[in-house]
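Chains as they are written, first to last, in the working numbering: chain R, 1 to 231; chain H, 1 to 231.
Since the hints were derived computationally from the structure, they do not count as laboratory data. Note that the coordinates shown come from a computational prediction; the quantities given were computed from them, not determined experimentally.
Same chains, same label: a pair holds when it works inside one copy or across any pair of copies.
Computed list of lysine-lysine pairs in DSS-like fashion (alpha-carbon distance at most 25 angstroms, straight line):
1) K167 <-> K70
2) K70 <-> K163
3) K70 <-> K6
4) K51 <-> K70
5) K6 <-> K163
6) K6 <-> K167
7) K25 <-> K6
8) K215 <-> K180
Number of protein chains: 2
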Amino acid sequence: MKSQPKAVILSSGGLDSTTVMAIAKQEGYSIYSLSFNYGQRHSHELIAAEKISNVLGAEDHLVIDVCLDKIGGSALTDNIEVPKNRSGTIQSRMIPVTYVPARNTIFLSFALAWAEVLQASDIFIGVNSIDYSGYPDCRPEFINAFENMANLATKSGVEGTLKTRIKTPLLLLTKAEIIKKGIELGIDYSITHSCYDPSSDGLACGYCDSCILRKNGFKKAGVDDPTQYIT
Amino acid sequence: MKSQPKAVILSSGGLDSTTVMAIAKQEGYSIYSLSFNYGQRHSHELIAAEKISNVLGAEDHLVIDVCLDKIGGSALTDNIEVPKNRSGTIQSRMIPVTYVPARNTIFLSFALAWAEVLQASDIFIGVNSIDYSGYPDCRPEFINAFENMANLATKSGVEGTLKTRIKTPLLLLTKAEIIKKGIELGIDYSITHSCYDPSSDGLACGYCDSCILRKNGFKKAGVDDPTQYIT
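Model the full structure from these sequences, guided by the hints.
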């Protein structure tokens, strides 16, 4: 019997990466879930990522500490206020202050290292360039350039024993389509966490970009929003 | 008066990265030194990196903790023996077990993040594809692919306010040429640390790939080797 192919899944505990993990599972991969403790305000997402990795039967869930707060430059790691009520301006495609410098480059680099050790060809990331905050490292041209670089970076790539693929099943889906896909796959979205600025007990603020995109997604999908909000 | 341009220098405390830092200084850059505590056997290199950053007048020296030992796959982070006396086989271009999966990709990704926060265009790395251990992420094709990806990854790149350049002044130099260059620039190589497997008090083993390349370099350059070896 052929063994299952392995995949590394970047898992933030949010709606998108959870849907990606369920898609990878459905496609027959054995799941290696990778999360980061990067000094983010919303470290509740790590509790969610652990729960999700268990529920979806991941073989392993690795949490890497990376002190991006030492580098700074973002409302998600610094003492800069997270913007609220930008629903009208999210679509303006201005890159907001919640952008974390080179975050997906750093996260994908660790995924590449782990994938090489595991001998996993596929790295899944829940980037999306439709209902998103305008981050440059969520766009297809960035993902393609990373994949190209990755295949020149590793021993396995150079020796030709492993071709790295960065898989982005959500890239061209709306948030509503992502939610519908996840519901089909049986995801309980109440265990996922998206808010950038939650209360100390993990309730969602309801007004940051991430909450607004998520709320609108459930509405447009015609699915009850299971998120617990502060008010 | 025009202010000095800033550069992020990947600083391992070794001979190559120290020479690179001196070159960047000579070229008029203000120096931001970046090192990593990655669970390496040879953490004496971090003491060296701190000393070198001070001696060369770096504006800042940032040490990032990244637990590559959680990911494993290398003699430099795992309980795998560091190979010795490979002088005959270093040139065979087989990638040795001291290869650390995706290490330079990870290090350059952090450099990219810090460079964006500092608004520094230039990232210097002491890779070398002549007298080297055969690591894939030291080759020019990897560096070019990283630079291409970097300019698609960041807010500054996409907004066109910063063009990232990965500078590799040692790429095509022999170890002897690197040493001669450094001596010209006044480097005291006795404060640098290259050994992969030093004694607990930081003396060099003399027989790992890194020690052999370094020893031969001093010999061919006709420069006294200031390294303190175990025997």
